[in-house]
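Trainee: The hints should help you fit chain U onto chain D, whose structure is shown.
Residues per chain are reported as follows:
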Amino acid sequence: MKRVAIVGAGMTQFKEHFGLGIKELVPMAVSEMEASLDKGLDRAKIEAAWFGELTTSDGFPSGILADSCGLMDIPVTRIENACATGNDAVRNASYAVGAGVIDVALVVGADKVRESSARGTFWEWAGLTRDLAWDYPLGLVAPANFALHVARYLHESGATREHMAMVAVKNHRHALTNPKAQLRYEITIEQVLAAPTVVAPFGLLDCTPQSDGAAALLLVSEDVVDQYTDHPVWVRGTGLGLDRVMHQHKRDMTSFPPTVKASKAAYAMAGIGPGDVDVAEVHDCFSGVELISYEDLGFAEKFGAAALIESGATTIGGSIPVNPSGGLKAKGHPPGATGVAQCVELFEQLRGHSTNQVDGARIGLAHNIGGPTAVSAVTVLSNQKG
Amino acid sequence: MTNVSAVGTYLPVWATKAGRVTGPDEDVVTMAVEAGLAALGDRSGEVRNIVLVSRDLPLIEGGNSAAVLAGLGLDAHVPVVEQLGGAPATLDAIANAAAGTLVLAADLAPAGAGAVLVSHDGPSLTEPGRVTRSLPITSRGRDGERRDYADPRLELQRGLHVAVDALELQDKPVVVAGTTVKIARELCAGTPPELPVAGASAAVFALAGLEQIGAGGLVLAVEQASAAAARLGGVPTVVRNELAQREPARLRDNPGPDIAISLAAYDRAFEAKVRWEAGSCNACGTLAFPPRLRCFECGSEAGWSLTPLPRTGEVYSCVTVHVPVPGLPTPYSLAIVQLDGTEVRALVKVTGVGPGEIAIGDRGSLVLRRVAVRSGIPDYGYALLPDAVAGSAEEESR
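Protein sequences, first through last, are from chains D and U. Terminal number for the first sequence in our numbering: 408, no gaps in between. Terminal number for the second sequence in our numbering: 690, no gaps in between.
To give an idea of the chain U side of the interface with chain D (calculated C-beta under 10 Å), a few residues:
#1 Asn546
#2 Ser554
#3 Tyr608
#4 Thr612
#5 Leu639
#6 Gly648
#7 Gly653
Source of the hints: derived by calculation from the structure; they are not laboratory data. We put the beta carbon where it would ideally sit given N, CA and C, even for glycine.
Isolated chain D (complex conformation) (with noise of 0.2 Å):
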């Protein structure tokens, strides 16, 4: 198998983008990793294009991809992995490069969920992920999915709402420097603590907002990395895990076994372990999310979370700085575009040039966890060819 490199990065600001259609914010992605291309970029060069989004706002998302970036003589192929969308796409996108089919793919990742009122998300994204007789109509919500692990996680771990509460803290304040990022504000426990409850244990500041936005990134073959740029960040591993689809048929609800799977596929591809890694974007739609992927993704030991937030660890400056974009929590998470942001972040990240720069970092982790807590994808980047 080739070796895959990244070698640009791009990405539209996270916010409610009204006045932008998916239209112009893929585009505008596409551009933007374009230009972040030490040496440049002929887009005919691009061979094949992986497109990740989870719902379809103006219709049929390849053609769209391909239209409305100029792209009409190459395949183009829509990857829906629920939330696990974006690392999805790249992991399709190195497969097809890594196989020596193609040299130079294009993987974009977008998603307008503003595009809908903000309830009506609700039952959109519960079509997508509930069984229509059986758990659809109970009103099982997209946090409420999340909800009946964490809650069982706070019932036989011992962690905390204020464990909970430290994560949005500590992304938020990530996000600061970040100016793609969607709430740019420091909150504090306090506050977190005692936001109004969207679903118990969740109150509003530990959940993700409701987020527009695309990112891009330029996967090509070490064969042709020398073209386009000198610093490039390696694919070294990628993970896909799944579950059973209903919680009821989940045995341990302490824990996302899709996660477990996915992060031990990409950890053996790479051939390193959870304590190689420097610096990690991890799935915080919902602040409980990050503390139990602590474990699943082996950064703590089990029902180690607590004890690894309060010792500052995943703080930039920490052993394994967790988030420093700011996370899905603080910058945003418009589902097919979250999984490549986290690529975007990275590949920075690994350059050096991150806005919340983690010193030195040479190995890099992505990871989404989505749906009805049933899909899992995990990448490994490093600017170490390996």
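Mentor: Then chain U, alone, in the frame of chain D:
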């Protein structure tokens, strides 16, 4: 002559000054099933046919009967008559039933339901009388809108009194269904039991009232200008599923688009969902809920058979949704319940308690409720009734 072999009653937990009210997850079907299960106990094998009396039937075009049969665990071949009527119609149905008839009656305001199993044992119901006249003081037509003529003295004098006189009763009744406490006292010999309902199910609560009196007697049922009477020959066997009353939870209605439904998916799920049954793998017996083609355990795709699930369990995890969800009253609680004696867990709504009054480790029973109304279609399934609620009713009755 018929025999009142078993009487069951049901009252929802929620109450206002005007009486019991249904929760957002209850209707005539779910309440009739609660009362029916109370009456039947282990006698469901005796049921040959069902009469369901109400003026608040949810699905006028059909669909109620199948849910009633499934909720009661009865065979789909049992005939069900859905009858519009009030207290006289219910008393009439009981007094003229063939042995093997389960008469169900339910009302929305005040809310409650009753059931009578007519079989070969229990006190006799004799001397049936019936007078049917027209004085539509309250009217509700095809548009569903209720109109009130608002003339209580006319109703009393030209309605109730004329009807009761026409029955030519030999003696005074001991209980009256379908009217106010005050009028019932005027009509009765002695102090009649106060009934919590006034519609179709009031006739069953009147029969149950004879258990409180401790003797048989003449039962009168009235509605506008019609009346029915019958004499119960002794004290009936009564099982009351009457939950201790609580103030209605403060819920927020969230207007929104209709909640979508796939009737194909509804149809596939119906039997297991409304009968509370799992698929048991034909190869290894592992239970799957909901039923599924491929067995979790042995991987067999050779098929499965429906098998009843336990109706008690313990909360494994639970959450309360506070954020406004269009089309659902909020807040509401969801629980994953570990069913007793099985590996099966179920994801259900919580019923009978205020939002958030549920915790991991709590125990409860699974009861038929209307999980949602989807594009006008009631979607029935099971909800967790915490033991804290059911327990409080037992204490009250002691």
